[in-house]
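Whenever a hint applies, use it, and build me the whole structure from the sequences.
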Amino acid sequence: MAFTLTSPAFQNGQPIPDRHARRGDNLSPFLEWSDPPPGTQSYVLVMEDTDAPSQASRHWVVYDIGGDRRHLAEGRSSKARTEDLPHGFNDFGNLHYDGPDQHPGGKPHTYRFRLAALGIANLPIGPEPDALVVWQAARENMLAEAELIGTYG
7 MAFTLTSPAF QNGQPIPDRH ARRGDNLSPF LEWSDPPPGT QSYVLVMEDT
57 DAPSQASRHW VVYDIGGDRR HLAEGRSSKA RTEDLPHGFN DFGNLHYDGP
107 DQHPGGKPHT YRFRLAALGI ANLPIGPEPD ALVVWQAARE NMLAEAELIG
157 TYG
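In my numbering, the protein residues as written are 7 to 159.
Just so you know, not all the hints are guaranteed correct.
Okay, the calculated beta carbon distance ranges per label pair [said to hold, decoys possible]:
#1 N18 - Q61: 20 to 30 Å
#2 E146 - R29: 14 to 24 Å
#3 D90 - G112: 21 to 31 Å
#4 A79 - A127: 14 to 24 Å
#5 T157 - G132: 28 to 38 Å
#6 P110 - G72: 39 to 49 Å
#7 G111 - E38: 25 to 35 Å
#8 N128 - P43: 13 to 23 Å
#9 Q20 - G132: 33 to 43 Å
#10 D41 - P110: 19 to 29 Å
#11 G112 - L91: 14 to 24 Å
If you're looking for bench data, these hints aren't it; they were derived computationally from the structure. No residue lacks a Cβ here, since even glycine has one placed at the ideal position from N, Cα and C.
Below, the structure is given as C-alpha coordinates:
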(Lines of atoms letter the chains of each structure in order from A; the text may use other names.)
(Lines give C-alpha, C1' and ligand atoms only; values in the text may rest on other atoms or scores of the structure.)
Protein backbone atom coordinates (compact mmCIF):
# COMPACT_ATOMS: atom_id res chain seq x y z
CA MET A 7 0.00 0.00 0.00
CA ALA A 8 1.06 3.58 -0.60
CA PHE A 9 1.44 6.31 2.01
CA THR A 10 -1.81 8.30 1.70
CA LEU A 11 -3.36 11.44 3.19
CA THR A 12 -7.16 11.86 3.23
CA SER A 13 -9.92 13.90 4.87
CA PRO A 14 -13.57 13.11 5.54
CA ALA A 15 -14.23 16.84 4.89
CA PHE A 16 -13.46 16.69 1.15
CA GLN A 17 -12.22 14.28 -1.49
CA ASN A 18 -8.90 14.72 -3.30
CA GLY A 19 -9.26 17.40 -5.98
CA GLN A 20 -12.65 18.59 -4.70
CA PRO A 21 -13.74 21.90 -3.06
CA ILE A 22 -12.79 22.55 0.56
CA PRO A 23 -15.95 23.27 2.62
CA ASP A 24 -16.57 26.85 3.79
CA ARG A 25 -16.20 25.87 7.46
CA HIS A 26 -12.46 25.45 6.78
CA ALA A 27 -12.10 28.83 5.00
CA ARG A 28 -10.81 32.06 6.55
CA ARG A 29 -14.22 33.70 6.04
CA GLY A 30 -16.00 30.67 7.42
CA ASP A 31 -15.18 29.05 10.77
CA ASN A 32 -11.48 28.88 9.81
CA LEU A 33 -11.16 25.38 11.24
CA SER A 34 -8.39 23.13 10.01
CA PRO A 35 -9.91 19.99 8.45
CA PHE A 36 -9.69 16.56 10.03
CA LEU A 37 -6.81 14.79 8.30
CA GLU A 38 -5.87 11.13 8.47
CA TRP A 39 -3.12 9.08 6.91
CA SER A 40 -2.25 5.45 6.39
CA ASP A 41 0.64 3.19 5.44
CA PRO A 42 3.61 5.33 6.48
CA PRO A 43 6.98 3.89 5.51
CA PRO A 44 8.92 1.72 7.97
CA GLY A 45 11.16 3.79 10.22
CA THR A 46 8.81 6.78 10.43
CA GLN A 47 9.49 8.64 13.68
CA SER A 48 7.59 11.88 13.05
CA TYR A 49 5.62 13.90 10.51
CA VAL A 50 5.48 17.44 9.16
CA LEU A 51 2.32 18.89 7.61
CA VAL A 52 2.24 21.95 5.34
CA MET A 53 -0.80 23.47 3.62
CA GLU A 54 -0.04 25.75 0.67
CA ASP A 55 -1.88 27.69 -2.01
CA THR A 56 -0.20 26.57 -5.23
CA ASP A 57 -1.95 29.28 -7.28
CA ALA A 58 -0.65 32.26 -5.29
CA PRO A 59 0.60 35.00 -7.65
CA SER A 60 4.33 34.92 -6.84
CA GLN A 61 5.01 31.52 -5.26
CA ALA A 62 3.31 28.91 -3.11
CA SER A 63 1.70 30.63 -0.14
CA ARG A 64 1.89 28.56 3.04
CA HIS A 65 -1.25 28.72 5.18
CA TRP A 66 -0.32 26.18 7.87
CA VAL A 67 2.67 24.24 9.14
CA VAL A 68 2.74 21.69 11.96
CA TYR A 69 5.85 19.71 12.85
CA ASP A 70 7.19 17.07 15.26
CA ILE A 71 3.92 15.13 14.97
CA GLY A 72 4.60 11.80 16.69
CA GLY A 73 5.32 8.84 14.43
CA ASP A 74 2.56 6.77 16.06
CA ARG A 75 -0.11 9.33 15.06
CA ARG A 76 -2.46 8.63 12.18
CA HIS A 77 -4.64 11.76 12.24
CA LEU A 78 -5.00 15.41 13.17
CA ALA A 79 -8.36 16.36 14.64
CA GLU A 80 -10.38 19.21 13.20
CA GLY A 81 -9.00 22.48 14.62
CA ARG A 82 -10.70 24.56 17.26
CA SER A 83 -10.32 28.00 15.64
CA SER A 84 -7.83 30.09 13.72
CA LYS A 85 -6.48 31.43 17.00
CA ALA A 86 -5.85 28.02 18.57
CA ARG A 87 -3.06 25.64 17.77
CA THR A 88 -4.16 22.17 16.74
CA GLU A 89 -3.75 19.82 19.70
CA ASP A 90 -0.87 21.92 21.05
CA LEU A 91 1.56 20.55 18.46
CA PRO A 92 4.45 22.81 17.44
CA HIS A 93 3.58 25.21 14.63
CA GLY A 94 5.76 27.29 12.38
CA PHE A 95 4.90 30.77 11.13
CA ASN A 96 2.73 30.67 8.03
CA ASP A 97 3.13 33.23 5.26
CA PHE A 98 0.63 35.51 7.03
CA GLY A 99 2.94 35.73 10.05
CA ASN A 100 0.72 33.51 12.23
CA LEU A 101 1.51 30.42 14.30
CA HIS A 102 -1.82 28.79 13.49
CA TYR A 103 -4.02 27.60 10.64
CA ASP A 104 -5.28 30.18 8.18
CA GLY A 105 -7.76 28.61 5.80
CA PRO A 106 -8.29 29.27 2.11
CA ASP A 107 -9.81 32.57 1.03
CA GLN A 108 -11.62 34.16 -1.91
CA HIS A 109 -9.34 35.73 -4.50
CA PRO A 110 -9.85 38.60 -6.95
CA GLY A 111 -11.12 37.36 -10.28
CA GLY A 112 -13.10 34.54 -8.74
CA LYS A 113 -10.97 31.68 -10.09
CA PRO A 114 -10.68 28.87 -7.52
CA HIS A 115 -7.23 28.27 -6.11
CA THR A 116 -5.63 24.89 -5.50
CA TYR A 117 -4.55 24.05 -1.95
CA ARG A 118 -2.10 21.25 -1.31
CA PHE A 119 -1.77 19.51 2.05
CA ARG A 120 1.67 17.87 2.16
CA LEU A 121 2.50 15.30 4.82
CA ALA A 122 6.13 14.26 5.14
CA ALA A 123 7.09 11.08 7.00
CA LEU A 124 10.47 11.61 8.65
CA GLY A 125 13.16 9.27 9.92
CA ILE A 126 13.84 11.51 12.95
CA ALA A 127 11.67 12.26 15.99
CA ASN A 128 12.30 16.02 16.14
CA LEU A 129 13.39 18.51 13.52
CA PRO A 130 16.73 20.18 14.31
CA ILE A 131 15.31 23.72 14.16
CA GLY A 132 14.80 26.56 16.60
CA PRO A 133 11.49 27.49 18.22
CA GLU A 134 8.77 29.11 16.11
CA PRO A 135 10.44 28.78 12.71
CA ASP A 136 8.78 29.90 9.51
CA ALA A 137 7.13 27.40 7.18
CA LEU A 138 9.98 27.38 4.68
CA VAL A 139 12.57 26.52 7.36
CA VAL A 140 10.37 23.66 8.59
CA TRP A 141 9.84 22.23 5.11
CA GLN A 142 13.53 22.49 4.18
CA ALA A 143 14.51 20.63 7.36
CA ALA A 144 11.82 18.03 6.67
CA ARG A 145 13.09 17.43 3.13
CA GLU A 146 16.53 16.57 4.50
CA ASN A 147 15.02 13.79 6.65
CA MET A 148 12.06 12.68 4.51
CA LEU A 149 11.23 9.02 3.99
CA ALA A 150 8.05 9.62 1.98
CA GLU A 151 5.46 12.27 1.19
CA ALA A 152 1.68 12.05 0.84
CA GLU A 153 -0.55 14.84 -0.40
CA LEU A 154 -4.19 15.86 -0.52
CA ILE A 155 -5.46 18.50 -2.94
CA GLY A 156 -8.48 20.74 -2.39
CA THR A 157 -9.83 23.80 -4.18
CA TYR A 158 -11.45 26.97 -2.90
CA GLY A 159 -12.75 30.21 -4.33
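How the hints compare with the structure:
no., hint, verdict
1, N18 - Q61: 20 to 30 Å, "holds (23 Å)"
2, E146 - R29: 14 to 24 Å, "violated (36 Å)"
3, D90 - G112: 21 to 31 Å, "violated (37 Å)"
4, A79 - A127: 14 to 24 Å, "holds (21 Å)"
5, T157 - G132: 28 to 38 Å, "holds (34 Å)"
6, P110 - G72: 39 to 49 Å, "holds (40 Å)"
7, G111 - E38: 25 to 35 Å, "holds (33 Å)"
8, N128 - P43: 13 to 23 Å, "holds (18 Å)"
9, Q20 - G132: 33 to 43 Å, "holds (37 Å)"
10, D41 - P110: 19 to 29 Å, "violated (40 Å)"
11, G112 - L91: 14 to 24 Å, "violated (34 Å)"
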